[in-house]
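Here the protein sequences come in this chain order: A and G. Just so we're aligned: the first sequence equals residues 5 to 183 in my numbering. Just so we're aligned: the second sequence equals residues 63 to 351 in my numbering.
Bear in mind the hints are in silico, worked out from the structure with no lab data behind them. Hints may be right or wrong, so weigh each one.
Said to hold, decoys possible - Below, in silico cross-link-like pairs of lysine to aspartate or glutamate (DMTMM-like), each with a Cα-Cα straight-line distance of 20 Å or less: (1) G:257 - G:219; (2) A:152 - G:313; (3) A:9 - G:333; (4) G:150 - G:161; (5) G:343 - A:162; (6) G:338 - A:160; (7) A:9 - A:63; (8) A:177 - G:118; (9) G:257 - A:65; (10) G:343 - A:84; (11) G:343 - A:63; (12) G:169 - G:219; (13) G:343 - A:65; (14) A:177 - G:161; (15) G:334 - A:113; (16) G:343 - A:180; (17) G:334 - A:29; (18) G:338 - A:29; (19) G:334 - A:181; (20) G:338 - A:162; (21) G:334 - A:148; (22) G:225 - G:161; (23) G:338 - A:113; (24) G:274 - G:313; (25) A:9 - A:137; (26) G:282 - A:162; (27) G:343 - A:113; (28) G:338 - A:63; (29) G:277 - G:247; (30) G:257 - A:148; (31) A:9 - G:168.
Keep in mind it's a predicted model, so treat the numbers as computed, not measured.
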Amino acid sequence: MQTVKMVVTGPFSAGKTQFIQSVSEIDVVATERKISSEEERTVKSATTVAMDFGRITVDEDLVLYLFGTPGQKRFDFMWEILSEGMLGFIVMVDSTRPETFREARSILETFRAYAPTPFVVAANKQDMEDAWELEDVRHALRLDAAVKLLPCVATERDSVKTVLLELLYSILKEMDEGR
Amino acid sequence: MGAAFLPPALGLLQCPGYRGHMALRGNLRDFTITQLLNLINLAGKTGTLILDGPSEQAQVAFRSGKLAYARLGKEDGSLASILHKANKINANQYRAIVERAGQMTDKELGLLLINAGYVTQEDILLNLQEYFTGIVRKLFTWVEGVFRFENDMLPPDERISVKLDLENIIIEGSRQLRELEQLQDEIPSLDMALKFTDRPLTNVNLSVEEWKVVKFVDPKNTMRQIASTNKLSELEIRRIVYGLLQAGLVEMVRPAGAAAPPLTKQIPGQDKQEQKTLINKLIGRIRTL
Numbered sequence: 005m006q007t008v009k010m011v012v013t014g015p016f017s018a019g020k021t022q023f024i025q026s027v028s029e030i031d032v033v034a035t036e037r038k039i040s041s042e043e044e045r046t047v048k049s050a051t052t053v054a055m056d057f058g059r060i061t062v063d064e065d066l067v068l069y070l071f072g073t074p075g076q077k078r079f080d081f082m083w084e085i086l087s088e089g090m091l092g093f094i095v096m097v098d099s100t101r102p103e104t105f106r107e108a109r110s111i112l113e114t115f116r117a118y119a120p121t122p123f124v125v126a127a128n129k130q131d132m133e134d135a136w137e138l139e140d141v142r143h144a145l146r147l148d149a150a151v152k153l154l155p156c157v158a159t160e161r162d163s164v165k166t167v168l169l170e171l172l173y174s175i176l177k178e179m180d181e182g183r
Numbered sequence: 063m064g065a066a067f068l069p070p071a072l073g074l075l076q077c078p079g080y081r082g083h084m085a086l087r088g089n090l091r092d093f094t095i096t097q098l099l100n101l102i103n104l105a106g107k108t109g110t111l112i113l114d115g116p117s118e119q120a121q122v123a124f125r126s127g128k129l130a131y132a133r134l135g136k137e138d139g140s141l142a143s144i145l146h147k148a149n150k151i152n153a154n155q156y157r158a159i160v161e162r163a164g165q166m167t168d169k170e171l172g173l174l175l176i177n178a179g180y181v182t183q184e185d186i187l188l189n190l191q192e193y194f195t196g197i198v199r200k201l202f203t204w205v206e207g208v209f210r211f212e213n214d215m216l217p218p219d220e221r222i223s224v225k226l227d228l229e230n231i232i233i234e235g236s237r238q239l240r241e242l243e244q245l246q247d248e249i250p251s252l253d254m255a256l257k258f259t260d261r262p263l264t265n266v267n268l269s270v271e272e273w274k275v276v277k278f279v280d281p282k283n284t285m286r287q288i289a290s291t292n293k294l295s296e297l298e299i300r301r302i303v304y305g306l307l308q309a310g311l312v313e314m315v316r317p318a319g320a321a322a323p324p325l326t327k328q329i330p331g332q333d334k335q336e337q338k339t340l341i342n343k344l345i346g347r348i349r350t351l
């Protein structure tokens with residue numbers, strides 16, 4: 005049995021758990037805890053403190069695991085462990101919360117430093133009225149034009165599939181380019 | 063949302079053809095003025111940034127990513143007042159203009175003053191630029207407040223607008239960022255290298271320290287090496303790089319020649335073809351979900 009993994013990362017409340025939930029064939033093994041911070045509690049009531057874990061079985065010989073990182077910075081010691089051996093990663097950002105963009109940028113840079121694997125950025129909650137436009141998100145995150153920035157609605161399976169597929173296409177492309 | 067939405071005191075800016083979708087908004091606590099200017103600069107935006115600070119409102123207009131106009135609170139902001147404050151016209155001349163040229167637009171007044179030989183066109187543009195950048199400088203001190211960007215909202219017709227590159231203003235604003243924690247968020251690892259973007263490094267006013275860093279910008283040099291060569295502390299190198307990043311002059315890259323594990327090592331399989339087959343199997347499976 006071969007297993008491969010992808011990591012879904014991003015700031016607190018970006019929608020990582022929901023993203024994995026939308027495509028995982030098992031209930032996401034989430035390690036959520038009630039939030040102690042008053043400020044964070046206004047955004048959501050529970051958060052991932054170790055990791056989320058989803059699974060997609062390809063065939064009897066191949067399984068893809070999706071790992072969601074904890075969004076809060078105080079758990080960043082988990083990031084390096086989770087990033088080991090990943091095929092690629094997805095950085096999720098909540099398009100309606102510009103206050104998290106700085107952290108998203110920081111997480112992206114940190115993951116790029118850990119492993120030079122392909123990645124895509126998913127601008128979540130693009131269905132919301134107050135979502136920032138994709139190009140504004142691109143500039144705010146200082147993303148190079150070559151970086152794939154994809155609109156995403158983590159609650160919708162098709163949207164999540166598109167993000168995963170785009171990451172896989174990037175992996176194939178890098179392999180073709182000889183990496 | 064049109065100009066009528068604005069508070070009466072500042073409802074001067076016109077908003078023709080507003081397209082209805084407006085999402086560039088947020089809080090200054092989390093998204094600084096420097097970052098906003100960076101975004102507007104890089105995206106080449108046209109429109110007006112409206113900032114509601116602790117005690118007053120500011121409006122800063124841009125054309126294609128360049129500063130065009132600014133107004134702060136209830137400040138007069140008329141050409142006559144700006145020239146008077148800059149000692150380009152004296153108190154008597156100012157009073158006469160206010161009394162006799164009350165209905166005149168700034169553009170008309172400017173022409174009149176140039177033709178009368180009181181000021182040159184360069185005087186007018188330089189003083190307006192100084193006044194507008196002065197307002198933006200004040201905004202750098204705002205840490206509380208909310209902002210929104212109104213696409214295509216232009217300065218009032220009667221005012222004279224300028225066309226000022228934002229890079230220098232951004233670098234100036236970035237120099238004021240002192241907090242190490244925030245800088246660490248922006249630049250988490252000094253083991254990354256820098257490379258120039260395709261934006262030209264002309265007409266940018268850099269300090270000696272900034273030039274020392276720029277001199278070593280090369281994908282082969284990590285920021286840590288640049289700091290060590292220039293005897294800069296971690297805080298100093300981060301602050302300088304932050305300014306260059308914000309101004310869109312450089313970007314962070316993995317150092318050239320750094321030992322990066324090849325992607326193929328992450329993927330199970332004997333050879334590349336087998337690994338590609340595996341990725342294609344994943345693609346096929348996800349398509350059928």
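Each hint, compared with the structure:
1. G:257 - G:219: Not OK: residue 257 of chain G and residue 219 of chain G at ~41 Å, beyond 20 Å, violated.
2. A:152 - G:313: With a Cα-Cα distance of about 17 Å, the restraint between residue 152 of chain A and residue 313 of chain G holds, given a limit of 20 Å.
3. A:9 - G:333: holds, 19 Å
4. G:150 - G:161: holds, 18 Å
5. G:343 - A:162: Holds, at roughly 18 Å.
6. G:338 - A:160: violated, 28 Å
7. A:9 - A:63: Holds, at about 15 Å.
8. A:177 - G:118: violated, 52 Å
9. G:257 - A:65: violated, 43 Å
10. G:343 - A:84: violated, 27 Å
11. G:343 - A:63: Given that 20 Å is the threshold and the Cα spacing comes to 9 Å, the pair holds.
12. G:169 - G:219: holds, 9 Å
13. G:343 - A:65: Roughly 11 Å between the alpha carbons, so the hint for residue 343 of chain G and residue 65 of chain A holds.
14. A:177 - G:161: Distance of about 70 Å is beyond 20 Å: violated.
15. G:334 - A:113: It is violated: about 28 Å lies between the C-alpha atoms, which goes past 20 Å.
16. G:343 - A:180: Since the Cα atoms of residue 343 of chain G and residue 180 of chain A sit roughly 16 Å apart, the hinted pair holds (cutoff 20 Å).
17. G:334 - A:29: Distance ~28 Å between residue 334 of chain G and residue 29 of chain A Cα, so the pair is violated.
18. G:338 - A:29: The hint is violated at about 24 Å.
19. G:334 - A:181: holds, 12 Å
20. G:338 - A:162: Answer violated: residue 338 of chain G to residue 162 of chain A is near 24 Å, above 20 Å.
21. G:334 - A:148: Cα-Cα ~28 Å, so violated.
22. G:225 - G:161: violated, 30 Å
23. G:338 - A:113: Given that 20 Å is the threshold and the Cα spacing comes to 27 Å, the pair is violated.
24. G:274 - G:313: Distance of about 17 Å is within 20 Å: holds.
25. A:9 - A:137: Not OK: residue 9 of chain A and residue 137 of chain A at ~30 Å, beyond 20 Å, violated.
26. G:282 - A:162: Violated: residue 282 of chain G and residue 162 of chain A sit about 41 Å apart, past 20 Å.
27. G:343 - A:113: violated, 30 Å
28. G:338 - A:63: Holds. Residue 338 of chain G to residue 63 of chain A sits at ~16 Å (cutoff 20 Å).
29. G:277 - G:247: violated, 24 Å
30. G:257 - A:148: Answer holds: residue 257 of chain G to residue 148 of chain A is near 12 Å, not above 20 Å.
31. A:9 - G:168: Outside the cut-off at roughly 64 Å; violated.
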